[in-house]
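Peer 1: Here is how the chains run, residue by residue.
Protein chains: 2
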Amino acid sequence: MSTPSREIRLAARPHGEPQPSDFELVDVELPDPGPGEVLVRNSYMSVDPYMRGRMNDAKSYVPPFQLGQPLDGGAIGEVVASEFEGLEPGDVVLHGLGWREHAIVPGAHARKVDLDGLSPSVFLGVLGMPGLTAYAGLLDVGELKDGDVVFVSGAAGAVGSLAGQIAKLRGTTVIGSAGTPEKVAHLVDDLGFDEAFNYKDGPVAEQLAAAAPDGIDVYFDNVGGEHLEAAIHIMNRDGRIAMCGMISNYNATEPVPGPDNLMQIIGKRLNLRGFIVSDHGARLRDLHAEVGPAVREGRIEFRETVVEGLEHAPQAFIDLLRGANVGKMVVKL
Amino acid sequence: MSTPSREIRLAARPHGEPQPSDFELVDVELPDPGPGEVLVRNSYMSVDPYMRGRMNDAKSYVPPFQLGQPLDGGAIGEVVASEFEGLEPGDVVLHGLGWREHAIVPGAHARKVDLDGLSPSVFLGVLGMPGLTAYAGLLDVGELKDGDVVFVSGAAGAVGSLAGQIAKLRGTTVIGSAGTPEKVAHLVDDLGFDEAFNYKDGPVAEQLAAAAPDGIDVYFDNVGGEHLEAAIHIMNRDGRIAMCGMISNYNATEPVPGPDNLMQIIGKRLNLRGFIVSDHGARLRDLHAEVGPAVREGRIEFRETVVEGLEHAPQAFIDLLRGANVGKMVVKL
Numbered sequence: 391m392s393t394p395s396r397e398i399r400l401a402a403r404p405h406g407e408p409q410p411s412d413f414e415l416v417d418v419e420l421p422d423p424g425p426g427e428v429l430v431r432n433s434y435m436s437v438d439p440y441m442r443g444r445m446n447d448a449k450s451y452v453p454p455f456q457l458g459q460p461l462d463g464g465a466i467g468e469v470v471a472s473e474f475e476g477l478e479p480g481d482v483v484l485h486g487l488g489w490r491e492h493a494i495v496p497g498a499h500a501r502k503v504d505l506d507g508l509s510p511s512v513f514l515g516v517l518g519m520p521g522l523t524a525y526a527g528l529l530d531v532g533e534l535k536d537g538d539v540v541f542v543s544g545a546a547g548a549v550g551s552l553a554g555q556i557a558k559l560r561g562t563t564v565i566g567s568a569g570t571p572e573k574v575a576h577l578v579d580d581l582g583f584d585e586a587f588n589y590k591d592g593p594v595a596e597q598l599a600a601a602a603p604d605g606i607d608v609y610f611d612n613v614g615g616e617h618l619e620a621a622i623h624i625m626n627r628d629g630r631i632a633m634c635g636m637i638s639n640y641n642a643t644e645p646v647p648g649p650d651n652l653m654q655i656i657g658k659r660l661n662l663r664g665f666i667v668s669d670h671g672a673r674l675r676d677l678h679a680e681v682g683p684a685v686r687e688g689r690i691e692f693r694e695t696v697v698e699g700l701e702h703a704p705q706a707f708i709d710l711l712r713g714a715n716v717g718k719m720v721v722k723l
Numbered sequence: 391m392s393t394p395s396r397e398i399r400l401a402a403r404p405h406g407e408p409q410p411s412d413f414e415l416v417d418v419e420l421p422d423p424g425p426g427e428v429l430v431r432n433s434y435m436s437v438d439p440y441m442r443g444r445m446n447d448a449k450s451y452v453p454p455f456q457l458g459q460p461l462d463g464g465a466i467g468e469v470v471a472s473e474f475e476g477l478e479p480g481d482v483v484l485h486g487l488g489w490r491e492h493a494i495v496p497g498a499h500a501r502k503v504d505l506d507g508l509s510p511s512v513f514l515g516v517l518g519m520p521g522l523t524a525y526a527g528l529l530d531v532g533e534l535k536d537g538d539v540v541f542v543s544g545a546a547g548a549v550g551s552l553a554g555q556i557a558k559l560r561g562t563t564v565i566g567s568a569g570t571p572e573k574v575a576h577l578v579d580d581l582g583f584d585e586a587f588n589y590k591d592g593p594v595a596e597q598l599a600a601a602a603p604d605g606i607d608v609y610f611d612n613v614g615g616e617h618l619e620a621a622i623h624i625m626n627r628d629g630r631i632a633m634c635g636m637i638s639n640y641n642a643t644e645p646v647p648g649p650d651n652l653m654q655i656i657g658k659r660l661n662l663r664g665f666i667v668s669d670h671g672a673r674l675r676d677l678h679a680e681v682g683p684a685v686r687e688g689r690i691e692f693r694e695t696v697v698e699g700l701e702h703a704p705q706a707f708i709d710l711l712r713g714a715n716v717g718k719m720v721v722k723l
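Line by line, the protein sequences are chains A and B. Position one of the first sequence corresponds to residue 391 (my numbering), numbered consecutively onward. Position one of the second sequence corresponds to residue 391 (my numbering), numbered consecutively onward.
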């Protein structure tokens, strides 16, 4: 017996900003799961900025997507058939084969989840990869300490909004930047940021200086470019920069020059450290222990931008890179 | 009774490359040392690239030099009169009041040195600030490990030549860059570097790739600019960059754009860390314990470029910024 499904394939490698024509929606017939595999009906899939890098044919920390092959990424769904001991139909599992309605997943690569009343999408967001990115980036990479002033760029995004809130849970001062007045208001009014500004309103360096009269100690960088330069400029001695992403560069077709003030790294003894969430899986337990209760009690506010239907996933991804989302963007399948 | 002396003052703040007219040689009469002070006849003074930054009127990790005031910096000399308990005439002391023939030094700021047959200048070089910079930068900031491949830029300079040799003492593979064929030969023939290249011979990225087929794990950066970009490009995962100096930028009159490949910091989990030797004074003991014997036994090769006479100190400093020195540049007074 086979299962009809649909999947999104990479039709062309984007040049600059991805276009709808770079993607292809394809009908497929999935076989029954083989030994050790499960068949999952995906309920939600994730679209994430890092996927843009995988669309280039470049060596990176994850292999590039292949032309004519389905894309992949975080997804959650329900097991509908199992040949894997330990998972049975009805179980909800997290796995890495998104961008498709059904998936044949090696059971060992599927992680069973207890929803406990939460939407499955939460496990693609605040209690999933973006949450873990924020948690490990802030605490382990950024070495957050009591009394720190924290700056988060892309602060209305999935990772940024959690980084800021986790910093607030820890009692530190938090400043955020975002790209629309609505997002800026959301940061302060809903997420409890101490200060926020719209980076399109003027030079980042000036707005950041106004928001952080005592400088900053930790910069959680999702953006790079002008934001990174401004953060280096205003950082206090021994400041730490957790380099999580550079969304300002992702669609660039030419190399983008770096900040012109790197010399300050020396005098201020700054520490810039890149990180990838997949190295920090051991912290998922701590994330669930510390942040999970806050989520259930409503002390962590998280928004989702939910797009319905696999056929709209490419546009959702394109919109994500343009900053159209508030909070975690997911596609409901 | 007063002591006639001469000192170099900052006559004008250099714009770009310093000019002789930015300096002024002045005759002075020093009073007798007051309570707690010593009068020192300096035998050697240090000229160091970091002094260029202090000639600008800019906030930095050390206060700027003041117009019309004498410059200062590392020096070593003999106590000729003492009002400080614990130091007496004939003692050799290290202190921070260079750029002058005699100095009145607070006794608490003078460190007595046992020459043990070595030239006083050694304590301005391999067993002094440059040595400590190399030692702490490589081991503590760069976190050197067995099996690492180390790249040192400005490798024929005072700090670079020691960083490379300390890395060799620790048994790692070392690649160096310098700016003349003679310096390149010196690195390989005299200092034991595994590979070296002349950065003026072609793109640094290409030359570095040829010299480091397995990539690099630690970059000891004295130069910044194109060197930093090339190092980021070729670095292995979890690589560390000890940011010591950016001599390529020091004379710049306009901001210099940074490397265009900072995004690689994320994917490769790189760690860029700025440092200042004055934070690492506690390591001087370890430097003397580990490197001191190697110096006395001739296993550490160090060269000095010695310029004679205080009146030539400004030109020595100008030449230093142009790369005219091999090894530590000092002025004999």
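Careful, some of the hints might be misleading.
Here are the in silico distance ranges between beta carbons for each label pair [as the list claims (entries may be wrong)]:
1. B:P593 <-> A:A599: 45 to 53 Å
2. A:N446 <-> B:P593: 21 to 29 Å
3. B:L508 <-> A:G671: 28 to 36 Å
4. A:D580 <-> B:G713: 55 to 63 Å
5. A:A679 <-> B:D676: 39 to 47 Å
6. B:P593 <-> A:G424: 27 to 35 Å
7. A:L415 <-> B:V578: 58 to 66 Å
8. B:K535 <-> A:G671: 20 to 28 Å
9. A:R686 <-> B:P593: 50 to 58 Å
Straight-line C-alpha distance at most 20 Å; calculated PhoX-like pairs for lysine-lysine [as the list claims (entries may be wrong)]:
10. A:K502 <-> A:K535
11. B:K558 <-> A:K449
12. B:K449 <-> A:K658
13. B:K535 <-> B:K449
14. A:K535 <-> A:K722
15. B:K558 <-> B:K535
No wet-lab data here; the hints were simulated from the structure. Each residue gets a CB set at the ideal place from its N, CA and C atoms; glycine is no exception.
Peer 1: Indicate, hint by hint, whether the structure satisfies it.
Peer 2: The hints, checked one at a time:
no.	hint	verdict
1	B:P593 <-> A:A599: 45 to 53 Å	violated, 37 Å
2	A:N446 <-> B:P593: 21 to 29 Å	holds, 23 Å
3	B:L508 <-> A:G671: 28 to 36 Å	violated, 53 Å
4	A:D580 <-> B:G713: 55 to 63 Å	holds, 56 Å
5	A:A679 <-> B:D676: 39 to 47 Å	holds, 40 Å
6	B:P593 <-> A:G424: 27 to 35 Å	violated, 51 Å
7	A:L415 <-> B:V578: 58 to 66 Å	holds, 59 Å
8	B:K535 <-> A:G671: 20 to 28 Å	holds, 24 Å
9	A:R686 <-> B:P593: 50 to 58 Å	holds, 56 Å
10	A:K502 <-> A:K535	violated, 34 Å
11	B:K558 <-> A:K449	violated, 31 Å
12	B:K449 <-> A:K658	holds, 11 Å
13	B:K535 <-> B:K449	violated, 35 Å
14	A:K535 <-> A:K722	violated, 38 Å
15	B:K558 <-> B:K535	holds, 12 Å
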